[in-house]
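**Student:** Given chain D, work out where chain U should sit, using these hints.
Line order of the protein sequences matches chains D and U.
In terms of the numbering used here, the first sequence opens at residue 1 and continues consecutively.
In terms of the numbering used here, the second sequence opens at residue 1 and continues consecutively.
No lab work stands behind these hints, which were simulated from the structure alone.
Just so it is clear, CB atoms sit at the ideal spot from N, CA and C, and this is done for glycine as well.
If a hint is listed, it holds; no wrong ones were tucked in.
If you anchor each label on the Cβ, the simulated ranges turn out as follows:
id, chain 1, residue 1, chain 2, residue 2, range
1, D, S62, U, R204, 55 to 65 Å
2, D, V27, U, G253, 35 to 45 Å
3, U, P185, D, L257, 52 to 62 Å
4, U, S187, D, K309, 28 to 38 Å
5, U, E122, D, G210, 46 to 56 Å
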Amino acid sequence: MTSPQTPPQAEDLDLYQRRDRNIRENVIGYALLFCAFVSVLTTVAIVYVLASETVSFFGKASIGEFLFGKTLENGSYSCSWTPQFAEKSFCIWPTVNGTLMVALIAMIVATPLGLATAIYLSEYASPRLGKFLRPVVELLAGVPTVVYGYFALTVITPILSSLIPGLQGFNALSAGLIMGVMIIPTIASISTDAMRAVPLSLREAAYGLGATKKEVSTNVVLPAALSGICAAIILGISRAVGETMIVAIAAGQRPILTLDPRQTVGTMTAYIAQVAKGDSRVGSVEYEALFAVGMTLFLITLLLNIISKQISKRFQETYE
Amino acid sequence: MSNGIDILDTIDGQSSESKFEPKLESRQLWGKIFAAFCIFATSLGLVVLAFLIYRVVSDGSSRLNWDLFNLYPSRRPLESGYKAAILGSVAMLTYVIVLVVPLGVCSAIYLEEYAKKNWLSELIELNIYNLAGIPSIIYGLLGLGLFVRGLYSGRAVLVTGILTITLLILPPVIVISREAIRAVPQSVRQASYGVGATKWQTIRHHVLPSALPGILTAVIISTSRGIGETAPIVVLGAGTVLFDPKASPINFGALFSGRLGDVFTDTLWSNDNFFSVLPYQIYEWVGDPKAEFQTLASAGIVVLLLLVLGMNLVAIFLRNRAK
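Pulled out of the complex, with its shape left as it was, chain D reads as follows:
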């Protein structure tokens, strides 16, 4: 930290107290800047830790196999993710497949329900009711995810398996459904803000033309708030992709290439949790694979967050 450089000025010289005050003010300013800088250091540390282990991972496994799979000795093509087995293969797509399938199911649940909740809170509910309901809906986001995982495994899976033949004990479907419930508040909360920012005059114009409340909500407010809603949905996807405990508990830990939601799958996050829980030696390829998967996950969520930020920036410029 550099010492504050305040040249003494003529009128300051008799006011010693003011000079002391200036020094103190500057020191405080730098101390606050240092605190704010901790978060920048966090990012640097995350990137450093992930990148250094990922680089040594790719010293042992090929990037080509990581991205495109490999051709076996008998000529057949193989893409599987088994760094902890004796027969190791390092093709990332089976874990990405699991992650995307669970996230897709979650978004199919969370998008309509989250938007309908947002429309209810911003268009239908009276201000008093809205003021009461909103924190209650947001309470859902406060439930620890290990609790949702327990619920998916012990309540949703038994119910579903009596309805759907061929459903496995660990499956993408029940994890996805419960993850959808978890994401409702994320989508609802941001979309409500976007809808409330739509000027009242647009609604009044539509009512003046004889539109019903539903028509105003879906044909006027929804399109006008679209960029905010898109940002909310993308942020929801990012939550779904990064969620760990629900999938680790209810979806299983077997990364395979499949499109069947009844199957046991393995997501990127579940893989990290599973391997970290066991004791993998530092420097072993399993340990480094952990960080390579983490790096992939980091890049995917970072990309989603940046897209979401760009879209919501546009929305702020429109109405504020």
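**Tutor:** Frame of chain D, contents of chain U only:
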């Protein structure tokens, strides 16, 4: 205004024949169906939450007694409890608050009151936004690489958990605290400057007290998320522990008896201070095939939900009172 034309197009301009048919009945019927769906969607989450609470209370009722707080984990489910995990969670909660409040509030003050509009403040701002969106499990990997491997050469001790969770909840604390500081009217600051106060005096005596309820809300909601986090703790490599965590920063016995060399032995900082937290212990037992362990997991979930939802309710109450 182009929006006006769009509305005309979408509401009554589907085709020229239908222009003079209001179709009021079907439109109002759809309106009712839509309203019902919106109410259903809003209440669905609450129904799920209520059903979830009902299920864990009824599943765990046989184990909801003081044994839960007095027993350590064991192979025999009926002799197992959450003592070490609950004490671990409480110690972690305390230290996380001690660390995150000064760091978070100071960052928020800097960004709202001090930062000039330049590349540095934009970098910090963008960075905090992106950090808030990074999955918690990535913070676990950060803690594993930086704190567990770097500071404690591979030992997942309480300090590593505290530091990891602090970094995890720092971004949301900063974001919500900034909103609270921004909501303080500019006139308050101007009045303070007007009577000759410096910037820091203004912040210290006028801005912070007005923003306090909002900041408290931020801290409580974020720490309640942090205390319910399992994924980063799993990645750090925490395990089942059979003893209470050492939470004191200084060994007072050694200090008062004059053994100054031992002031830090058997304290928070010790490298054998392994820890467990409540959600982690629940995760261990959810995965156990024995049915009695599932019952125990349910009972643990009741305690965790009481803690987390209780903190959330306090935060909501504070926020409403501030308004």
